[in-house]
Amino acid sequence: MIRFFLILLMALPAVVQAEERTPSHCVALAHDTQGVEYVTPASLPEVAVENVHLHYIDHASFLIRSHGGLNMVTDFTGFTGTLLFIPDVVTMNHAHDTHWTAFPDPAIPHVLPGWGAFGKGIDHHLDLGEVLVRNVSTDIRSQFSGVEVEGNSIFVFEMAGLCIGHLGHLHHAPDAAQYAALGRLDVVMAPVDGGFTLDQPTMITVLKRLKSSIVIPMHWFSGFALDGFLTGMQSDFSIVEVGGPSLTVSLHNLPSHPTIMVLRPEYINVAR
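According to my numbering, the sequence shown holds residues 1 to 272 in order.
The hints are simulated quantities; they were obtained by calculation from the structure and are not laboratory data. Hints are not guaranteed to be accurate.
Unchecked claim - Ranges of calculated distance between the beta carbons of each label pair, as one might list FRET restraints:
id, residue 1, residue 2, range
1, D175, H252, 26 to 34 Å
2, T98, I122, 29 to 37 Å
3, A177, G116, 12 to 20 Å
4, A177, Y267, 35 to 43 Å
Built from N, CA and C at the ideal position, the CB exists for glycine as well.
Based on the sequences and whatever the hints tell you, model everything.
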């Protein structure tokens with residue numbers, strides 16, 4: 001009987017955590033899921049309550065870390081650096097093999113592919129208490145049939161009162177229904193290469209419509225592509241060169257004017 005109560009007490013923090021997510025202004029409705037226990041590597045940074053830590057790993061991969069220590073990696077390729085850790089959630093897209101892996105570590109609790117059966121898409125609503133992860137499907141170009149309907153996902157992370165969006169390998173401007181499903185994104189990670197994904201004028205139009213407080217460029221391959229994107233955005237957005245790979249954001253420190261935060265990618269390493 002004593003052992004039963006000890007187990008019950010140990011489970012209580014997960015129950016409390018499941019009630020602690022500050023509501024965001026996104027439009028999604030989550031379905032309740034069971035709580036999950038997580039092991040957090042001590043070498044990753046502590047995150048203050050109601051803050052989110054963002055670290056640009058490489059290409060289109062970001063570490064998104066909650067104040068409770070949940071670690072999520074976008075467009076996960078199986079490699080994040082020399083630090084050995086198991087993310088709690090990984091998201092993937094398969095337009096190119098630099099955005100996914102066919103062999104994610106089986107110890108990862110939640111592996112979310114951004115595609116389903118060919119042309120069928122997929123739906124994710126993963127509620128982990130302080131974080132809700134969901135997706136909005138978009139189409140991609142396909143070498144086999146011209147277009148793979150719903151072959152890409154824009155993933156949205158609702159946490160700490162924020163809506164954080166990762167556009168994935170976006171190949172077309174969202175339609176009205178997709179914009180509505182996304183809701184108001186406070187922070188958006190956008191591919192700005194100008195060729196493999198959207199051309200830069202269309203991407204700039206998409207980002208101006210989203211009206212996010214923070215835009216983080218990704219998938220830019222070269223300084224030339226990045227500079228071209230920044231030039232196209234500078235009339236409507238402030239531009240901040242962060243000077244490193246990481247940024248901490250909260251609902252209360254969002255810039256008052258739409259801002260591009262330029263992060264420089266860096267693998268997650270043991271020696272920091």
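Here is what the structure says about each hint:
Hint check: D175 to H252, Cβ distance near 33 Å, so the stated range 26 to 34 Å holds. Hint check: T98 to I122, Cβ distance near 20 Å, so the stated range 29 to 37 Å is violated. A C-beta distance of roughly 18 Å is found between A177 and G116, which places it inside the suggested range of 12 to 20 Å. Checking the proposed 35 to 43 Å range against A177 and Y267 shows it holds: the Cβ atoms sit about 37 Å from each other.
Consistency with the previously given hints fails for number 2 only.
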